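Trainee: Residues per chain, in single letters:
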Amino acid sequence: MAKEQQSAQTLFRLSGVSCAGCVNKIESAVQGVAGVEDARVNLADKTLKVQGAAAPQACIEAVRQAGYDAEVAKSSERQRREEQRAQEERHYHQLLLRSAIALGVGLPLMAWGLITDKMSVNSFADQLAWGAMGLITLAILVFCGGQFFSGAWKALRHHSATMDTLVALGTGTAWLFSMLVVLVPHLLPESARHVYFEASAMIIGLISLGQALEVRARGRTSAAVEKLLELQDTSARVLRDGKEVDLPIEQVQAGDQLRVRPGEKIPVDGVVLEGGSLVDESMLTGEPVPVKKGEGDNLAAGTLNKNGSLLFRAEKVGADTRLAQIIEMVKNAQGSRVPIARLADKISAIFVPVVMIIAVVAALVWFNLGPDPRAAHMLVVLTSVLIIACPCALGLATPMSVMVGVGKGAEYGVLVRNGKALQQSCNLDVLVVDKTGTLTEGSPRLTDIESEGDSDELLRLLASLEQGSEHPLAEAVVTAAHEKKLDLQKPSDFEAITAHGVMGVISGKKVLLGNSKLMQRENIALGDWQARANNLAEQGRTVMYGAVDGVLQGIIAVADPIRDDAAAAIARLRKLGLRLEMLTGDNQASAEAVARHLKIDKVHAELLPEDKERIVAELQKGGARVGMVGDGINDAPALARADVGFAIGAGTDVAIESADVTLMRSSLHGVANAVELSRATLGNIKQNLFGAFIYNTLGIPIAAGVLYPLTGMLLSPIVAGAAMALSSLTVVSNANRLRFFKPSEVH
Amino acid sequence: MNAILVNTIGVLLIIAIIWWFWLGPRRGVAKTVAVSEQLQILVKNGVYEPDHIRLPAGHTATLHFLREDPNPCSEWVIFPDLEISAELALNKETTVEIPAAKPGKYPFSCQMQMYRGTLILE
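Chains as they are written, first to last, in the working numbering: chain D, -16 to 730; chain W, 7 to 128.
So here's chain W without its partners, still in its complex pose (with noise of 0.2 Å):
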């Protein structure tokens, strides 16, 4: 009986991680901003709220960043695709220019990948 029960429990828990990581559908809203508009990222316990952010593409836009996480892992925020890389001061707005670029995804990151989020120019 209690074999049964640890092994479902087990399995079901494989299958949550999956779901919930994979699968499961990406629930963050993005937030969408005219250009004008100033829009701030806040960089706080190993998420980057809002994480899914868009923009109209082919203009330039400002992300402001404020870290209020002292962990140097959060440190750096960097647009590989567009290769703009910030150091983001703690417990200050840090400013990060976005030149205009054609639609598209473009992940953004912390240096190891445990910050992430999504840039949608569109």
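Only chain D is shown next, with the shape it has when bound in the complex (with noise of 0.2 Å):
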């Protein structure tokens, strides 16, 4: 990365390019371009990568002189999938068609069998006949199936095995064993002169059916990543020379000023300049009330401008914006393995061969302990049990339903990290919280203030020596006096005392600010106030004595607001069947106050911020599966060392570094969505394992005929042809009933 960063490379899309010849011929001619250190030309999608200081249309130029044309490529991920969607069109169509062609030789011959039942080789016209039939499957196998053959060769060279050397070794068998019965039909007895051309035409028809139907479906399970790229623009408005210009978002630069307008969408993230606007953030947070925006505010790529006209300033863009983020870690959560699909991996590794040594087995058993026609039977085990058994569901069963689950969360605003992390998620016993931000807005305002005179008079100078205190609670003491507009002044001889309070002088007065602690160190009674203060506590609120010169002039209590969703929230995870315990900095009372409003289990108060790492570690020891809630700035060891570890708000980087599962909303009801979303899922997730194990344990002992002692009938190899196409496309439909999910959250 480092290096790509030192030098520069471009990318350009090439023209008129065809074989190795262009290449060298292209490559010699840019490598000659000053300032190129490496030119190099890609075939396969008709690329040239220039390392390298060189300015792009002399490369342009000197491709241009070698006799072809270039420009260069301006390869968005948006591109980059419409791209796809148009190959994976084409690959779609393409199945259909050999399917069709397929299905149109197989299904006349095999309601020839059944209805004439002349499917045996029992003279030279029938030899003729069904030579010529041989020969027209031969080209369906190879025009239709042919890509069966070929991986299932390139496979065998490199001693594995995959789905299609089943297909191959089912239709090549079936049609081998006819043509032996046509060219050769007296080295068989006359009951097993039948010939199965129509098995193998029907086969790769069926399998190429499944396979143009998984596409589709396929394509469905990418929706959310699609959504998402939807949300980026392809241009902003930029102020250019203090004029508006619409320019493609590719050369939108951080620090640029840009304009939205009522309506359009932000193209990068940034920082409002001017003007207000009410901000729809669904999008990207889940959240469903728009969002006020006004100077200093941040805004993200991909949010809708609602109501106003904002100037703002480019902070982030290309990859670095939020969204593109977002799309980066959904990718990749959607590639990671669940460890519930280890069982099926394993199996996955070993199935193939193991799936074709059943199947020589049963064909032997049948040959040495069958009824007649035996050479019969052995072919129509042998080819069924080959074609029924199908690793693809077993192997689709977790990604599929993991593609989707992830991608489903993103809409709501929940980013999973990996499959690990959605897998824990389904399964906490407790979720630790952090009271701070979560529970609560995050930013105390002042709600009581009591005094022996004049209120606003101890404000002030309370307010006044608060101004020298970095604590989070002088802050709102700070603003409190700011908005009755009163006259503040400067401390002097400020002092902080470490968990008691602060002291200065302020016009000639000795002012103190602190809890009782701070009151006895200097001598001064409490009285009533105590049994005041003490009320006030047991509201949840945090209490602090003023005294001027000595002498105690009243109370002001200080809280953090529970936020409006908290209660909703916390009775939908308890439903969930979660313990709740809070974890906080606050003094035991309030704590306990607000647990008690919100009906939470276990408090622990008076934290520091490297306990709550240590009371995680502890739960886990008692046994418990521990999930984390909490900002990631002081709690981000905490959410490491958990089980889970949900950051919420997405505010920082820290957090989405530290956490399992990132909210980008602030709501303990994304913590609610992602444990839904993720027992969704891994249901989700069992019900296609077990419907592949039990698709695959049943499928195959039937096919190998089980059921022929009960039944007299052996099962045909097109009705396992089918039922391995509908099992992997039934895996991959029922990971898209996923997409269905709603979390039980009520608006």
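Hints listed in this document are in silico derivations from the structure and should not be mistaken for laboratory results.
Among the hints, erroneous ones may be present.
Quick partial rundown of chain W residues pointing at chain D, CB under 8 Å, derived from the structure [claimed, not checked]:
#1 Leu19
#2 Val53
#3 Gly110
#4 Met120
All values derive from a computational prediction rather than experimental measurement.
Just so it is clear, CB atoms sit at the ideal spot from N, CA and C, and this is done for glycine as well.
Please dock the two separately framed chains into a single complex, following the hints provided.
Mentor: Have a look at this one:
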């Protein structure tokens, strides 16, 4: 990466390039351009990658002189996706065509067999007719099923076996046996002179049809990422030399000033310089209510400007925007493995060779112990076992659900780091919640001031004193004084006493503000105020005593208001079976008041930041699976320690780094959504795995003929082919059901 | 006579399968590349080529996957032990950054474990 940054890389799209000769010609032409360190042509995607500081126009000129054409590739993720979709569409149509041709031959042949029952070779005329049919079927195998054979051959050379191997062996064996019947019928008993050309063609047709439908269904599993990509605007209105110019998004740079009008998308991340508007951020955060934005507020790319015009400065562009990072994270998580899939992975790894052995053993059993015609039974069993076994269903069971589940999470502002986090979120016992910023607004406000005399004067003195303090509660006091437009003065002899309070001199008066310990230390009697202070503390407020010149003048109380949706979110989490514990640095009384109000099971109060990790570790030692919800700054170690760390608000990069689940929205509802989603996804995975296991464990013995003593019939290879095509399609379709997931939150 | 022939062929087939897929020597010769060199892995017909890749341990590296198989099975490549995955574009090179990691064998595969390869860091 570092290397790429030091030396610029430019990508060009080439036209007129068709062979290796062109590659050399272009590469040597471009290498002659001043500033080019390295030039490489990729024939497959017709691109030229130039390393070095050369001017793009000079490179294009060199390519043109060599007899070709080039343009700078503007390869955005969205463009790439569109190209991929077009390729997929082509592949889909190709598969449909192959399927139609194969079924076009197979179906009439099968119908002939069913109606006339003349599928045997008993005369020279039969030999000729079926020989011609065999050649037609061979053409079908080559043109419609060639990829199975080439794939099987290549895999075999690499000592591995895939689904292609099974299809190629199944259809190939049926064709070879039939051809043997046609060419040398006398080698086989009369009852075994049956041809199976229709089976070969039908199997290829049905499996191609299944694959085509699967391509369609799989396209839908990545719909979430595409939705996110669509949020990215392609152009932006940038202020250049005092004029508004529409520029492609790639040309917007950090520091540019941009204008967004009502109803337009925010193109890049930035900070509002001028104007005010409501911005709909639901697509990123899942937060349904539009957010009010004004000067100094942050804007995120992809969100929608509702009613006002905004001038803002671009801060992050391209891959650095939050939207781009979300897309990257979702893509990474979609491809990750889930621990529950380990068994399926192990089975998938040995599945095909094991099925091949089962097929041979079953065939031998039928040959040695089965009724006549043994050779025909042997072939049917061999082909059916090879064809019905479906490694795809097993292999697809988890990845498809994870793809859809992770994508769905992104829609609701829940970003899951990987499959492991998704799995662990579904069986947590305890949820440890950091109070500030999660249960509360995170910005304390002055709620009460009681004094012997003029309360505004007391507030003025205390706020003047607190100007020098960095304590978060101090900000609440100073803000309240500003709101009352009180005239504050600078304190002298300011002193902050840890865990006690602050003192200083204002207008010649010695002012103290702090807890009861500070008053005791300074020998100031609390008197009646103590009872009033306790009363306020019981309501969850942090109370401080204010004294002037050695006499207690009154008390002020500060509280961090509980978030509006906290109680509803906690009720949801409790309903999901989670035990809730609260962590806070606040005093026990006010912490307990919040806990009582929100019905939280246990409180850990008066904590230092490092205690949080210890508490999580202790809970884990007790055997509990612990989820931790925090803002990610002070909580990073605890988030990392927990079985699942939920970073709320997505405010900082630290949070995204250390969290297993990042919630784009500052609400505990996000955690409930994440837990519900993980349960839905894991449920879906289990259905898929169960289905795939059951399918294979029932399908293979049935194909091997275990039901023959009961039914007197063997499973037709054609039915086996249909079942196999259907099984993987079922898995993908079931995973797609997750797209209809809706969290239980009621707005 | 026929019975002996068919049974012998059957047993030989089973032995051949076991030998070829499990016991037989893995002939896939590992391709060794220096960190600075570009390594292209072709994704086609159910296999990665090369499927054994040797890289020096403790260095970051970039692998260039070129997927020529339109089958959706080959769409993703996953390195489970390195916690990396990438969606491979069709007929286009997709780069996969390998972080500096300890020496060892790191298998990689498609989502369904049909395409398989091993990255050897040493």
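Trainee: Against this structure, judge whether each hint is valid.
Mentor: Okay, the hints, checked on the actual structure:
1. Leu19: At 5 Å from the nearest chain D Cβ, W:Leu19 passes the 8 Å test, so the hint holds.
2. Val53: holds, 5 Å
3. Gly110: With Cβ-Cβ at 18 Å, over 8 Å, it is violated.
4. Met120: Holds - the Cβ of W:Met120 comes within 8 Å of chain D, reaching about 4 Å at its closest.
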